[in-house]
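With the hints as your guide, set chains B, C and D onto chain A.
Residue numbers (the numbering used here), protein chains in the order written: chain A, 380 to 527; chain B, 380 to 527; chain C, 380 to 527; chain D, 380 to 527.
Treat the hints with care, as some may be off.
Identical copies carry no separate label here, and so any pair may be met within one copy or between two of them.
Claimed, not checked - Calculated cross-link-like contacts (lysine to any residue; reagent style SDA-like; alpha-carbon spacing at most 25 Å):
1. Lys512 to Arg438
2. Lys472 to Tyr400
3. Lys463 to Arg397
4. Lys472 to Ala454
5. Lys463 to Gly505
6. Lys463 to Ser473
7. Lys472 to Thr487
8. Lys512 to Asp459
9. Lys472 to Glu504
10. Lys512 to Tyr400
11. Lys472 to Asp439
12. Lys472 to Gly488
13. Lys512 to Thr395
14. Lys463 to Gln405
15. Lys463 to Pro444
16. Lys472 to Pro455
17. Lys472 to Leu453
18. Lys472 to His498
19. Lys472 to Pro444
What the hints contain is simulated information worked out from the structure, not anything from laboratory work.
Number of protein chains: 4
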Amino acid sequence: MSTRTPAHSVHVHETTVRVRYAETDQMGLAHHTAYLVWFEVGRSSLMRAHGASYGDFERDGFFLPVVECFARFLAPARYDHLVKVRTWVDELKSRSLTFRYEVVDAETGHVLATGYTKHLCTDREGRTRRFPKAWRALLETEVPHEAP
Amino acid sequence: MSTRTPAHSVHVHETTVRVRYAETDQMGLAHHTAYLVWFEVGRSSLMRAHGASYGDFERDGFFLPVVECFARFLAPARYDHLVKVRTWVDELKSRSLTFRYEVVDAETGHVLATGYTKHLCTDREGRTRRFPKAWRALLETEVPHEAP
Amino acid sequence: MSTRTPAHSVHVHETTVRVRYAETDQMGLAHHTAYLVWFEVGRSSLMRAHGASYGDFERDGFFLPVVECFARFLAPARYDHLVKVRTWVDELKSRSLTFRYEVVDAETGHVLATGYTKHLCTDREGRTRRFPKAWRALLETEVPHEAP
Amino acid sequence: MSTRTPAHSVHVHETTVRVRYAETDQMGLAHHTAYLVWFEVGRSSLMRAHGASYGDFERDGFFLPVVECFARFLAPARYDHLVKVRTWVDELKSRSLTFRYEVVDAETGHVLATGYTKHLCTDREGRTRRFPKAWRALLETEVPHEAP
Numbered sequence: 380m381s382t383r384t385p386a387h388s389v390h391v392h393e394t395t396v397r398v399r400y401a402e403t404d405q406m407g408l409a410h411h412t413a414y415l416v417w418f419e420v421g422r423s424s425l426m427r428a429h430g431a432s433y434g435d436f437e438r439d440g441f442f443l444p445v446v447e448c449f450a451r452f453l454a455p456a457r458y459d460h461l462v463k464v465r466t467w468v469d470e471l472k473s474r475s476l477t478f479r480y481e482v483v484d485a486e487t488g489h490v491l492a493t494g495y496t497k498h499l500c501t502d503r504e505g506r507t508r509r510f511p512k513a514w515r516a517l518l519e520t521e522v523p524h525e526a527p
Numbered sequence: 380m381s382t383r384t385p386a387h388s389v390h391v392h393e394t395t396v397r398v399r400y401a402e403t404d405q406m407g408l409a410h411h412t413a414y415l416v417w418f419e420v421g422r423s424s425l426m427r428a429h430g431a432s433y434g435d436f437e438r439d440g441f442f443l444p445v446v447e448c449f450a451r452f453l454a455p456a457r458y459d460h461l462v463k464v465r466t467w468v469d470e471l472k473s474r475s476l477t478f479r480y481e482v483v484d485a486e487t488g489h490v491l492a493t494g495y496t497k498h499l500c501t502d503r504e505g506r507t508r509r510f511p512k513a514w515r516a517l518l519e520t521e522v523p524h525e526a527p
Numbered sequence: 380m381s382t383r384t385p386a387h388s389v390h391v392h393e394t395t396v397r398v399r400y401a402e403t404d405q406m407g408l409a410h411h412t413a414y415l416v417w418f419e420v421g422r423s424s425l426m427r428a429h430g431a432s433y434g435d436f437e438r439d440g441f442f443l444p445v446v447e448c449f450a451r452f453l454a455p456a457r458y459d460h461l462v463k464v465r466t467w468v469d470e471l472k473s474r475s476l477t478f479r480y481e482v483v484d485a486e487t488g489h490v491l492a493t494g495y496t497k498h499l500c501t502d503r504e505g506r507t508r509r510f511p512k513a514w515r516a517l518l519e520t521e522v523p524h525e526a527p
Numbered sequence: 380m381s382t383r384t385p386a387h388s389v390h391v392h393e394t395t396v397r398v399r400y401a402e403t404d405q406m407g408l409a410h411h412t413a414y415l416v417w418f419e420v421g422r423s424s425l426m427r428a429h430g431a432s433y434g435d436f437e438r439d440g441f442f443l444p445v446v447e448c449f450a451r452f453l454a455p456a457r458y459d460h461l462v463k464v465r466t467w468v469d470e471l472k473s474r475s476l477t478f479r480y481e482v483v484d485a486e487t488g489h490v491l492a493t494g495y496t497k498h499l500c501t502d503r504e505g506r507t508r509r510f511p512k513a514w515r516a517l518l519e520t521e522v523p524h525e526a527p
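So here's chain A without its partners, still in its complex pose (with noise of 0.2 Å):
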């Protein structure tokens, strides 16, 4: 794969997310399944700040399931801190799409986990798909970031 620290030219999404009492676990920490919904929520806010959300994606038929996962886990997230969500297109092939993350302290700025997800771009039926080109477009355009 590819670098993990975003390359100049592309851009950025962040949002803020808060830990909530449910995502913690009994050893007083965000459970890690968390962060990959925190991943989640990151590329639906991305989206939307593209002026679409994933909704309309899939009203028009075409669907990105996660064919891979992963992250590394340097600190911990604890119930109410707040965390940013940093997430950009790493790679946007005719097919498929790969999104990375950094989850950083909204505080102090550490870098509390990275990680990316890899999508397919498919059919309600689940058969492999180009991209449309308006949605391909949309993730190519460069937009400001999106108020919290």
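Quick look at chains B, C and D alone, frame taken from chain A:
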């Protein structure tokens, strides 16, 4: 609502669940929403014991959205403990259905929680429908306990 | 229980939540347990608006386990929609506390769900305790609405 | 990392999980984070099969936080289907441990997902520790398959 203990004539279905680590929170106990998921596991298992999956119900074009849920928590469930979910049909009306539940410690038999969920029978568009006869008959049938 | 609409004198706290993809189920709607997690987000946010995190409450050695929860679902919430969670303290007793909630569509203002959670004040060992005075005072204070 | 199929000498532990309704999303399939929870169920079950609960490990003052997780999704899991989680210890070092997983359709035997989780052995304060000898021995022991 009717009483909280099943009438003599009512079939009580039992299934067992082991508390997952992901279901705990920083209080060191199973999060209260986990019990509602176990209720759902209980009614899924009850329907399977009646010879049909709730998945078939949806494939037939019917749905049972939850319109009301209630739970009372009496004692905590902890990671890795086995709990028994006792489920029974409390009220089967023409267009709605109430399931009742008891979650008990599988080792001690202590009741950990009780509750109910009320469901409407709807079609795919969310319009209320009469239960199809076959499904009604199925839910009224007496069945032996399912093996875990 | 008391009425479902807040009394005139009661402060209603508002916070907004965006429906996550992970919170949907195969019915295409937010799963009913997601609303209970939003209730939790609502009371966490209410406590923060009163100047203290529930995390501080736990660090002081006190806990607010849920002993009862109820929700009525009136209309579905869908992926990526914004919902407003309205939370208020309904009954603050010496050893227990009831929060009430309304989840409304942030765009249309339609009520999607109502409910309540009842909590005991306990120590770390789960023994019922009187609310510490400072916390009691805090929960009785009138506060302005928190910015989202 | 090492190969994705277990070496001949490695004990592979099997446990079964039924896909819960709450684990599905609006794509109509099990959400990708559900597989990571099943991985956790798999390693919990493996440890129990070795004669000790991970809960005992924590009571001894040791913890196994996830520091890395990876999953590849090959075919979807659907509501109410039975899946088999195959878990094995891939690398047991002095202060870390890697579990590997295969999730297979219990009926057809098709592999639905593969993955791994890497864990550090820490104390309650999150400091890295050597595995206690007893636990190390335990994880190295050959054990028969656990009944479901």
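Status of the hints after comparison with the structure:
no., hint, in the structure
1, Lys512 to Arg438, "within (16 Å within a copy, 34 Å between copies)"
2, Lys472 to Tyr400, "between (38 Å within a copy, 23 Å between copies)"
3, Lys463 to Arg397, "both (9 Å within a copy, 16 Å between copies)"
4, Lys472 to Ala454, "between (32 Å within a copy, 21 Å between copies)"
5, Lys463 to Gly505, "between (32 Å within a copy, 23 Å between copies)"
6, Lys463 to Ser473, "neither (30 Å within a copy, 34 Å between copies)"
7, Lys472 to Thr487, "neither (35 Å within a copy, 32 Å between copies)"
8, Lys512 to Asp459, "between (41 Å within a copy, 23 Å between copies)"
9, Lys472 to Glu504, "within (20 Å within a copy, 36 Å between copies)"
10, Lys512 to Tyr400, "between (41 Å within a copy, 24 Å between copies)"
11, Lys472 to Asp439, "within (19 Å within a copy, 38 Å between copies)"
12, Lys472 to Gly488, "neither (31 Å within a copy, 32 Å between copies)"
13, Lys512 to Thr395, "neither (30 Å within a copy, 34 Å between copies)"
14, Lys463 to Gln405, "both (23 Å within a copy, 22 Å between copies)"
15, Lys463 to Pro444, "both (24 Å within a copy, 22 Å between copies)"
16, Lys472 to Pro455, "between (33 Å within a copy, 22 Å between copies)"
17, Lys472 to Leu453, "between (30 Å within a copy, 19 Å between copies)"
18, Lys472 to His498, "within (10 Å within a copy, 33 Å between copies)"
19, Lys472 to Pro444, "within (15 Å within a copy, 35 Å between copies)"
Hints 6, 7, 12, 13, counting from the list given before, are not met by this structure.
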